[in-house]
Amino acid sequence: MSATEAPASPVSPADERTTTGPGRRWGGLSETALRNLALVGVLVVLVIIGAVTRPDLYGDPVRVRDNVFTILEQASVIGVVTVGMTFVIIGGGIDLSVGAIVALAGVWCTTVATQSYGTFGMIFTALTVGLCVGLVNGGLISYGRLVPFIATLAMMVAARGLAASISGKQTQVSENRTINAIASTDVLGIPLLVVILAVVVAAGWVLLNRTTFGRRTVAVGGNREAARLAGINVTRHTMLLYALSGLCCGIAAIMLTSLSTSAQAGAANLYELDAIAAAIIGGTLLSGGRGSIIGSLLGVLVFSTITNLFAINNLATEVQNMVKGGIIVAAVLVQQVRFKSLTTIFART
Amino acid sequence: MTQNRLNLPRRRLLFGGAAVGAGALLAACTSNEKEPTSAQTKGPEAGGNANANAGRQVTIGFSAPAADHGWIAAITNNAKAQAGTFSDVTLKQVEAGADAAAQRAALDTLIAEKPDIIVMLPHDGKELNASGLKAMQAGIPVVNLDRAFPDALAYRLQIKGDNYGMGVAAGTYIGNQLKNKGVSTPVIGEIAGIDSLELTQERSAGFKAALATFGFTVANRRAAEFTADSGQREAANLLQALPKLDALWNHDDDQGIGVLAAINRANRTEFFMVGGAGSKKAIEDIQADNTVLKATVTYSPSMASSAISLARLIAQGRGLADLVELQVPKEIILASETITKDNAGDYLKLGF
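Line by line, the protein sequences give chains S and X. In the numbering used here, each residue carries its 1-based index in the first sequence increased by 1. In the numbering used here, each residue carries its 1-based index in the second sequence increased by 10.
Incorrect hints may have been included.
Quick list of the computed label-pair ranges, beta carbon to beta carbon [said to hold, decoys possible]: (1) S:ASN315 to X:SER206: 46 to 52 Å; (2) X:ALA215 to S:VAL330: 47 to 53 Å; (3) X:GLY31 to S:VAL148: 48 to 54 Å; (4) X:ALA34 to S:GLY42: 36 to 42 Å; (5) X:GLN337 to S:GLY119: 54 to 60 Å; (6) S:VAL158 to X:ARG21: 32 to 38 Å; (7) S:THR54 to X:VAL30: 41 to 47 Å; (8) X:ALA34 to S:VAL113: 32 to 38 Å; (9) S:ALA204 to X:LYS136: 47 to 53 Å; (10) S:VAL158 to X:ALA115: 18 to 24 Å; (11) S:ALA204 to X:ALA276: 28 to 34 Å.
Bear in mind the hints are in silico, worked out from the structure with no lab data behind them. Using N, Cα and C, we set each Cβ at its ideal position, and we do this for glycine too.
My request is simple: use the sequences and hints to build the entire structure.
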């Protein structure tokens, strides 16, 4: 039985969480597409600001290409984490432990012992650690009935603690040339990290929009009870969502280890907030039931572009953080102004 | 469907077996044994003075925060190793816990045990001032390591590094190098540590002041978080901002690993870089001379070893052999030294 057959949610039909299909149409475009278009608009504005403030940089095609790739590379690690996070949030949960999982998987895969197993050993370790921690999160939340916020908060603290104890609080340098080369390899002129991000995003998009797994995720997040009545194994599905998030963190850990040729317990600091913020401004509903992988990707790119914009103009980090906070608030406020009410406004004139 | 059900136990066994196998393999992978970095100690035999002779048995209480940074780890390791070189010293270490309140509680326990002297690296000098005072009033001298107490009554000896001096050392080295090269209007970048910390502000102030004496300024300053990945992020963006760079100062050698990765990724070699703190890897890189890293300015955790040595002398009522005074001075501020290819060999043993 497919999740799309789930009975209508008992909540008011105006509530967006019931919109499990392509969404309301407006001007021939779905609501999600409109949201994404708005984010693309924000990106264009940011690039224009960059071009106006640094004409020397944006006047040279080679430097523009280098800068764009830098922005994308910086977005790649957090982008992969955000894909997993988007699934968890759509499924009605939250994962505060992603940064800690990235740090733990990174530390675990760069210990002297793991490095002695070579490239495959390191990749296997990072993925397995990510997956296992995700499964523990999922198990605690679905079978242990812990609130996701509490379970993953506990994991955030515990995983960083474990990472610190494994690493002995030292920065572990990766001596593996293949791993280190991931971040410095180009595939057809495109950085490999960006290709990995593209693959993960594409896989995430297919998983969310073209498989029963994705449909179930939306159903579970939209209305848990209705999903259960429709025959979905909600408990197991919830656990799988956290495992997926953990796996994404494992992939991100390899990418981050390659990027900084090292790992440490303090790495990937506050990634959970970046990933949640990116998903939210990308149009994913924090209460679950709706979300967009493309939107999340655009959200990550907006933040990465802002960081770059502040760097190329030598503006202080504290201002940058204030702007980021402002953007999150603005995005959520815009979400409150429903497109539906916009149509009524336009219809009146 | 029936087929599936029949297969289920076998599938479970398979997954279960795989999980146990993966678990065993992963558990083996936490091992981090490598050749131990020799701690930064100076045993009594190296002194060659009267202070080397064993004195009366003393117990030194020690407390430092359990922070996620190589430098703090080196502080604790050094203190333990240095205490181990003395036959007349017993080190009693207490865990400082996660924050100032936890350290205060740990110090209360320590004070109650009445050691001869306490060496502590406080979470925050201001917040633990009261604990210092309490110990001093209980007749236990306090050696404050690196994070000063505002109240002079709260400590017997203050030994610390010089953050402003670190910036000055980096600025002076960069200024001199560029002057020798004949660069009149250089482009200088700076990658700082956590910007909200006072020590970062002091380092940047010293750097700015030293560059100003040459008539130079910082073209772009980014603040990272003392971690390699944050260093990589800030450096990658900074390199985009400055297409041509003459010199770069990175405040911390741990985050410098990421900074160097970003520089290699961008294929940039037109400038030289100066590090900070003096990690073992940075000193090795400087000695090998195959990266843009040409120097680093120290903020050495060896101060923990010195603090233990001085604490022993204070507890035994002895002074420093080369000084006229009969007691150890009240304040010692370490000079920030500049490590280059020429003297890297001497400093390798002090790297952490």
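Taking each numbered hint in turn, which are not upheld by the structure, reported in ascending numerical order? 1, 2, 3, 4, 7 and 8
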